[in-house]
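Protein sequence lines, in the order shown, are assigned to chains D and H. Its first residue numbered 100, the first sequence is counted upward by one per residue in my numbering. Its first residue numbered 13, the second sequence is counted upward by one per residue in my numbering.
Because the hints were derived from the structure by calculation, they are not lab data. Keep in mind that a hint or two might mislead.
To be verified - Computed from the model, here is a short list of chain H residues facing chain D with C-beta under 8 Å:
hint: 1; residue: Ile46
hint: 2; residue: Gly55
hint: 3; residue: Phe58
hint: 4; residue: Arg73
hint: 5; residue: Val74
hint: 6; residue: Gly107
hint: 7; residue: Phe110
hint: 8; residue: Phe112
hint: 9; residue: Thr114
hint: 10; residue: Ser117
Stated by the list, open to error - Below 27 Å or equal to it, Euclidean Cα-Cα: the simulated BS3-like pairs (lysine-lysine) are:
hint: 11; chain 1: D; residue 1: Lys110; chain 2: D; residue 2: Lys169
hint: 12; chain 1: D; residue 1: Lys156; chain 2: H; residue 2: Lys54
hint: 13; chain 1: H; residue 1: Lys54; chain 2: D; residue 2: Lys110
hint: 14; chain 1: D; residue 1: Lys110; chain 2: D; residue 2: Lys156
hint: 15; chain 1: H; residue 1: Lys83; chain 2: H; residue 2: Lys68
What the hints assert, rightly or not - Ranges between beta-carbon positions, derived for each pair:
hint: 16; chain 1: D; residue 1: Asn127; chain 2: H; residue 2: Arg69; range: 20 to 30 Å
hint: 17; chain 1: D; residue 1: Ser179; chain 2: H; residue 2: Ile121; range: 12 to 22 Å
hint: 18; chain 1: H; residue 1: Pro21; chain 2: D; residue 2: Ser168; range: 16 to 26 Å
hint: 19; chain 1: D; residue 1: Arg195; chain 2: H; residue 2: Pro122; range: 31 to 41 Å
By construction, the Cβ of each residue, glycine as well, lies at the ideal position given by its N, Cα and C atoms.
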Amino acid sequence: DAGITQSPRHKVTETGTPVTLRCHQTENHRYMYWYRQDPGHGLRLIHYSYGVKDTDKGEVSDGYSVSRSKTEDFLLTLESATSSQTSVYFCAIRDRGPQETQYFGPGTRLLVL
Amino acid sequence: GESVGLHLPTLSVQEGDNSIINCAYSNSASDYFIWYKQESGKGPQFIIDIRSNMDKRQGQRVTVLLNKTVKHLSLQIAATQPGDSAVYFCAEITGNQFYFGTGTSLTVIP
């Protein structure tokens with residue numbers, strides 16, 4: 100699991116409230132990613148980070164912001180949650196070692212009522 | 013954006029048979045391709061990768077084939093076991109971004 104944890108693992112919230120999801124890694128990887136996974140869609144990139152304070156948008160970034168103030172933590176914030184943001188959110192790190200891959204966290208299930 | 017698709021949404025195989033899962037991709041400039049396995053309620057798990065300058069790569073019970081002419085990727089699982097039941101999806105890597113297919117659900121029949 101490359102030392103990736105996500106918190107919370109489950110959350111129910113109401114429309115219009117802010118929500119912050121946390122991704123924590125223990126192996127000092129430079130690249131971190133946030134995805135959402137919905138039925139009928141592949142994993143879709145929300146934002147990614149290529150270093151402390153360095154982030155970039157993915158294909159579905161509207162309504163989301165991220166922050167990375169230290170290497171091990173990558174935060175995803177829904178400024179004002181909407182029902183369309185009900186999803187499973189996965190954090191991942193990129194490992195550019197012998198194998199080019201991403202390792203994923205266990206996911207956060209978010210329900211916006 | 014990128015388009016990564018899978019030919020079949022579901023696949024059922026008998027235990028012990030070989031499984032073949034296919035994937036089409038759209039960007040001929042992609043650097044790497046990866047196959048992932050995702051079990052219910054869990055995050056995707058890396059299976060095997062292949063660089064764009066390769067045609068074939070073998071792992072433990074798995075083989076990935078890359079046909080760049082037709083932009084096609086396949087995952088072959090030998091002697092499929094019940095523990096192989098999961099959703100499998102491919103991903104292509106272009107620069108810093110990964111693009112994922114929607115997945116094929118593999119069911120292994122004992």
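Consistency of the hints with the structure:
no., hint, in the structure
1, Ile46, "holds, 6 Å"
2, Gly55, "holds, 4 Å"
3, Phe58, "holds, 5 Å"
4, Arg73, "violated, 17 Å"
5, Val74, "violated, 13 Å"
6, Gly107, "violated, 10 Å"
7, Phe110, "holds, 6 Å"
8, Phe112, "holds, 4 Å"
9, Thr114, "holds, 5 Å"
10, Ser117, "violated, 12 Å"
11, D:Lys110 with D:Lys169, "holds, 24 Å"
12, D:Lys156 with H:Lys54, "holds, 25 Å"
13, H:Lys54 with D:Lys110, "holds, 16 Å"
14, D:Lys110 with D:Lys156, "holds, 24 Å"
15, H:Lys83 with H:Lys68, "holds, 14 Å"
16, D:Asn127 with H:Arg69: 20 to 30 Å, "holds, 28 Å"
17, D:Ser179 with H:Ile121: 12 to 22 Å, "violated, 47 Å"
18, H:Pro21 with D:Ser168: 16 to 26 Å, "violated, 41 Å"
19, D:Arg195 with H:Pro122: 31 to 41 Å, "holds, 39 Å"
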